[in-house]
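S.K.: Below, each chain spelled out in residue letters.
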Amino acid sequence: MPYERGVTLKMMEKMIFGRYIPGDSFVHRLDPRSKLMFVFAFIVVVFLANNIVTYALLLAFTLLVILMSRIRLYFLINGLKPVIILLVFTFLIHIFFTREGDLLFELGFLKVYEEGLRQGIFISIRFLVLVFMTSILTLTTSPISITDGIEVLLNPLKKFKMPVHELALMMSIALRFIPTLMDETDKIMKAQMARGSDLSAGPLKERVKAVVPLLVPLFVSAFKRAEDLATAMEVRGYRGGEGRTRYRQLKWDWRDTLCMVIFVAMTALLVFYRS
Amino acid sequence: MDIKLQQVSYAYSMGTPFEKYALFDVDLTIPHGTYQAIIGHTGSGKSTILQHFNGLLKPSKGQVHIGDRVIAAGRKAKELKPVRQKVGIVFQFPEHQLFEETVLKDIMFGPMNFGVSEQVAEQRAHDLIKLVGLPEDVLDKSPFDLSGGQMRRVAIAGVLAMDPEVIVLDEPTAGLDPRGQKEIMDMFYSLHKERGLTTILVTHSMEDAARYADNIAIMHEGRCVLNGTPQEIFSDADTLEKYRLELPHIVRFQRRIEKLMGRSLPKICLTEEDLAAEVAHALREGRDA
Chain A
121 MPYERGVTLK
131 MMEKMIFGRY
141 IPGDSFVHRL
151 DPRSKLMFVF
161 AFIVVVFLAN
171 NIVTYALLLA
181 FTLLVILMSR
191 IRLYFLINGL
201 KPVIILLVFT
211 FLIHIFFTRE
221 GDLLFELGFL
231 KVYEEGLRQG
241 IFISIRFLVL
251 VFMTSILTLT
261 TSPISITDGI
271 EVLLNPLKKF
281 KMPVHELALM
291 MSIALRFIPT
301 LMDETDKIMK
311 AQMARGSDLS
321 AGPLKERVKA
331 VVPLLVPLFV
341 SAFKRAEDLA
351 TAMEVRGYRG
361 GEGRTRYRQL
371 KWDWRDTLCM
381 VIFVAMTALL
391 VFYRS
Chain B
20 MDIKLQQVSY
30 AYSMGTPFEK
40 YALFDVDLTI
50 PHGTYQAIIG
60 HTGSGKSTIL
70 QHFNGLLKPS
80 KGQVHIGDRV
90 IAAGRKAKEL
100 KPVRQKVGIV
110 FQFPEHQLFE
120 ETVLKDIMFG
130 PMNFGVSEQV
140 AEQRAHDLIK
150 LVGLPEDVLD
160 KSPFDLSGGQ
170 MRRVAIAGVL
180 AMDPEVIVLD
190 EPTAGLDPRG
200 QKEIMDMFYS
210 LHKERGLTTI
220 LVTHSMEDAA
230 RYADNIAIMH
240 EGRCVLNGTP
250 QEIFSDADTL
260 EKYRLELPHI
270 VRFQRRIEKL
280 MGRSLPKICL
290 TEEDLAAEVA
300 HALREGRDA
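Protein sequence lines, in the order shown, are assigned to chains A and B.
In this text, residue positions in the first sequence follow this note's numbering: the first is 121, and each later residue adds one.
In this text, residue positions in the second sequence follow this note's numbering: the first is 20, and each later residue adds one.
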């Protein structure tokens, strides 16, 4: 551990996208396949909602999942702050630019209509629910399990000559190297700062120019690493997915079946209550 | 320019659940013109401490004096450029910082960031490339066409081109062949002597510390546990042992000779030549007596 992550990590500390928080809640223990299927299906089903009852249903359901994942709501909201800014922005756009329904109130040139408010709230809920669900997926599933799950789920596509195993491998390698590259960035940034390059001050043009001394060495080392990794894999006889057994076995149990049943039930309710 | 650390503590990820202290209350004074070695195991805080010498890291507690500048915890540190110009850092594997199209441009990068004119920077590059032991025609090549050892030398020239008063070296010879190691270390030593550069060497080579340093500080688990001349540090093998450090080869060799001779020499020798002279002296004395 010659260098510890400093500058770059500081920027990432508050972000929770793609971060995994180990635990053993109901959601944590679900099979990655069922979680993935659930989230993707959920993304589609969200668009079924079109009135207060159905949106309330979605929101309630999402809250239930968050509760079951035992991830603190405060942590989740705090981590998604940048998204929430986006959310507020969309909400405002809808409120001010939808001109249907009754006029609710007027403030100078700003007119807020009933339909605008409705649309704004609905879109915001939809957005929030989607972001929460996908965050819960990555927060409760280790990246490596997600990759495993994706590989198994995409397996049928092998019949159509899709390189499924290779894609999954690429994904896990990419994930594996994120922290490494972050360390590397930090190291090079500091070395260039010690040589008087300044990334955080000065006019925009200067700052853009200051990125070059950072990016060139980063790319050089990334390519070198890739080459070394390829050699190391070849030396150890890696020949692709053909006939390869796996160390981590995925297991489908009653929780996953329950999860699917709940999903079907929720969809049924949505279809029933939508107008 | 003296460098003084006063009660410096540093925590990574300060104020988050991942907060982790890497330095605890470090006090260390490096007087102008001395050669200071900092020794410690991996994870002892060596690399963290060296980033305080030019304000790359700001102490979480305590303060760092760099010449007249004070970088203190809790206060905003503005305009660190003058500090960075005066304190050059050669990081571990400095060849990773090369990025320009030509060696010449890369060496000129540092000085030009500090407002040195193009002509002067170019002149420095020409002088330094010879100093680091490379032929001048290397200047027009791409740094990525050079061998690892050559790249290391170019990177070192790039730091020296800033014309610093203090030079901080983090394992500058890691991964070089023995001859290259000696050449580089000797070059830094002669720069230290000729130009009066304050030199700070972060290393885990006891040999280098013994051979070159005026003072040796020992880091252990984020604390500076010992600081003294090589004679002082290496006379106490038991304490070193406690910090999982060994005596340098030459001192261990001296101990074995002393055992054979059945008597101890008056001082601890840090180089082969020194030891040979001392042993010869002792033998002569023994014969005369």
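Calculated directly from the structure, the hints in this document are not laboratory data.
As the structure is a prediction and not an experimental result, all values here were calculated from the model.
We put the CB at the ideal spot given by N, CA and C, even for glycine.
The reader is advised that the hints may include incorrect statements.
[What the hints assert, rightly or not] Think about it this way: if two alpha-carbon atoms lie no more than 20 Å apart in a straight line, the pair counts; the simulated DMTMM-like pairs of lysine to aspartate or glutamate are:
#, chain 1, residue 1, chain 2, residue 2
1, A, K325, B, E119
2, A, K310, B, E119
3, B, K80, B, D44
4, B, K77, B, E119
5, B, K124, A, E326
6, B, K286, B, D255
7, A, K329, B, D21
[Unchecked claim] The following label-pair restraints were derived from C-beta to C-beta distances:
#, chain 1, residue 1, chain 2, residue 2, range
8, B, E240, A, S262, 29 to 35 Å
9, A, G357, B, L284, 55 to 61 Å
10, A, P142, B, P101, 25 to 31 Å
11, B, G167, A, T300, 16 to 22 Å
12, B, P101, A, F160, 54 to 60 Å
13, A, A342, B, E226, 48 to 54 Å
S.K.: Hints first: check each against the structure and report whether it holds.
M.R.: A quick look at each hint next to the structure:
This hinted pair checks out: A:K325 and B:E119 have alpha carbons roughly 18 Å apart, not beyond 20 Å. Annotation: proposed proximity of A:K310 to B:E119 holds, straight-line Cα distance about 17 Å (limit 20 Å). Restraint check for B:K80 and B:D44: satisfied, since their Cα atoms lie roughly 8 Å apart, inside the 20 Å limit. Restraint check for B:K77 and B:E119: not satisfied, since their Cα atoms lie roughly 29 Å apart, outside the 20 Å limit.
Among the hinted pairs, B:K124 with A:E326 is consistent with the structure: their alpha-carbon atoms are about 18 Å apart, no more than 20 Å. With a CA separation close to 12 Å, the supplied pair B:K286 and B:D255 stays within the 20 Å bound. Restraint check for A:K329 and B:D21: the C-alpha separation of about 34 Å exceeds 20 Å, so the hint is violated. Between B:E240 and A:S262 the beta carbon distance is about 31 Å. The supplied range of 29 to 35 Å therefore holds.
Hint check: A:G357 to B:L284, Cβ distance near 57 Å, so the stated range 55 to 61 Å holds. Checked against the hint of 25 to 31 Å, the C-beta distance between A:P142 and B:P101 comes to roughly 46 Å, which is inconsistent with it. The hinted window of 16 to 22 Å between B:G167 and A:T300 holds, with their beta carbons roughly 20 Å apart. Range check, B:P101 to A:F160: Cβ separation about 56 Å, and the 54 to 60 Å hint holds.
Between A:A342 and B:E226 the CB atoms are about 35 Å apart, so this pair departs from the stated range of 48 to 54 Å.
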